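Heads up: the protein sequence lines correspond to chains A and B, in order.
Read in order, the letters of the first sequence are residues 1 to 89 in the numbering used here.
Read in order, the letters of the second sequence are residues 1 to 580 in the numbering used here.
FYI, nobody ran anything at the bench for these hints, they're computed from the structure.
All figures in this text were calculated on a predicted structure; none of them were measured in a lab.
Every residue gets a Cβ at the ideal spot worked out from N, C-alpha and C, and that includes glycine.
Misleading hints may appear alongside valid ones.
Stated by the list, open to error - So these bits of chain A aren't anywhere near chain B, every CB distance computed over 10 Å:
| hint | residue |
| --- | --- |
| 1 | E5 |
| 2 | T7 |
| 3 | K69 |
| 4 | I72 |
| 5 | G75 |
To be verified - Taking lysine-lysine pairs in the DSBU-like style, the calculated list, with each CA pair at most 30 Å apart, reads:
| hint | chain 1 | residue 1 | chain 2 | residue 2 |
| --- | --- | --- | --- | --- |
| 6 | B | K121 | A | K85 |
| 7 | B | K188 | B | K474 |
| 8 | A | K11 | B | K474 |
| 9 | B | K114 | A | K3 |
Claimed, not checked - Which stretches of chain B does chain A cover? Using the computed rule of at least three CB atoms under 8 Å from a CB of chain A, they are:
| hint | region |
| --- | --- |
| 10 | 85 to 99 |
| 11 | 113 to 120 |
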Amino acid sequence: MIKKETTIKNKEGFHIRPAQIFSNAASKFESDVVVLNKDGNSTNGKSTLGLMALGFETGSKIILEISGKDEIEAGNELINIIDNKFGED
Amino acid sequence: MLEKILYGIGVSSGISIGKVFVVDKNEEYYEYKNISSDKVSNELKRLNKAREKCAADLDKLIEKVKVEFGDEKAFIIEGQKSFLTDPSFYPEIEGYIKKDFFSAEKALKKVVEKFVDIFEKMNSDYMKERASDIKDIGNRFSNYLNPDNKIFDLKSIKEKVILVADDLLPSDTVQLERKYILGLVIAKGGKTSHTSIFASSMGIPAVISINNLCNLIKNNDNVIVDGDKGICIINPEKTTLEKYKQRLENKKTEVDLYNKYKKEKAITKDGLYIKIAANIGSLDEAIQANENGAEGIGLLRTEQVYMSSKKLPDEEIQLHTYKGIVDKMSSQSVIIRTLDIGGDKELPYLENEKELNPFLGYRAIRLCLGHEEIFITQLRAILRASAFGKIKLLIPMISCFDELKKTKDLIEKVKKQLSEEKIAFDKEIKLGMMIEIPSTAIMIENYVKEVDFFSIGTNDLVQYTMAVDRINDKVSYLYDNFHPAIINLIKKVTEVAHSHGKFVGICGSMAGEYLAIPIFIALGIDELSMTANSIPKIKYTINQLSRKDCILLLNKILKCQMGLDIKSNLQNFLLERKLY
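Working from the sequences, and respecting the hints, build out all of it.
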């Protein structure tokens, strides 16, 4: 399992569009993707609804725990998506 | 049938009369029961069948919405559809059936409620609204579990009706055809709810928040929706109906009459010209101001720029906003008021302490002088924008001479900075101060040589002069624009300013109150600045009056001891001229 961490940078946080972009990307990988917030609450990273329900806002810390055959690629791509603000701006 | 009046909240103004159409959505989930363990696989099949049918019908709806409303509206429904396959949604419902032997309805309800609860507790209004998306999909899904309970298609409404519902969800409102909906009456909702925003943006009279609505009203009842008063009258008596028909008729002729004056100037019969400007907070409102015939912006509130962002807006963002508005107003003047935050308007990111008396506390210029870096950023942005149009600078909430002096020093400092950086700005930019604290009105002689103009903010002036909390119902009788003390302060400020050749504007809500117009004419106020939609009526009213008469009236008013007397004098004066 690999663990990665970053902060949410887009203006609106995990509203519906970013959550969908992220969960769609996560779903492409075989690995399990668990997303945690700073309070330790977690969700399946392939769930739009679960991501929205964690209430990430801009500046929030976000932790990814990925385990599976393609965990390295998944980690890189998912962190990239967050850091590139889900293509916003 | 007896006439019955239901009281709610008017969220979209206007009156409409018509027949009721009740949207019965069967929001209740049917079987909240548990099942026996041998029924589990059957229940799971029922759930899956409902999901497939629901998804297929949503696909059809999405296509329809795309064609009729565009991708943006379809996106809301697409988002809802994706919940049906979401790993946090569907498998959880299955889980309750498998492990807890819930019926499909009960399991669905449980999961929907969990998410509704989470979203409703979130800080952002955007996320709060997502609770209705979840409810919406929950209702749809549930309806497919019980195929006999046909969902009503709002698109099938093909005659003009007053729509009555317990609640309307985003997927409902996108299906409505504007031309068939005369009015809306909704049991639930708040002023900022989806339905309210929808109704006012479509110009549909709407009343919300009526308890037990759906039990009091039925299909084909005759009703009047009065969005101005926030009431709904069921089975109105003939006299009521005629009164309302007359009101509708009058409204139409009145509006037609006022609209003729939109592009005219406000000049009294004996030749006094008063500039009519608009109060705005955004570019959209600037467009509205133009459409209603504003001759400039008398008050540009800058709080919106700060409140719509999660951190302090930088110089470039502010410059962009101010310049956009100035461009829209072409050669007309725009008075920009510096940040008036505090009181009832907070900026969470400033992390100021909660105060016991926020209206008497750390707000507006007090806060700006305490956070010079914030103030300097704004002054730079405003000054830079002044290179692109006719901007005047307005300082709010000055309560003593020292504050004005410090502010002027800062402005000079910023001007010097900009000159050194060779950045263009209007070197002759006019500076004004708000008169909203009695101490400055009383000592107006001290300030008159220091600024180019005054703008009287009547809302705060009344609040501070009368020592009355604007929001407290118990003391609202004291909140009176027409109290003799207020009239006297306005008179004093205007006379002193004019004796020094300085310009006086009024930008509080009193400026758009036509009852006050004769006073402003008598005093020779230079500018009245108001919400854009009041402009045509005020222009019309001014054109019907003569200053000579208004001065005689003012002399009478100045002898009154009570606001009530002043108001009745004004009413009679306007009545005599058929203007009331």
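Hints that the structure is at odds with (numbers, increasing): Result: hint 8 breaks, nothing else.
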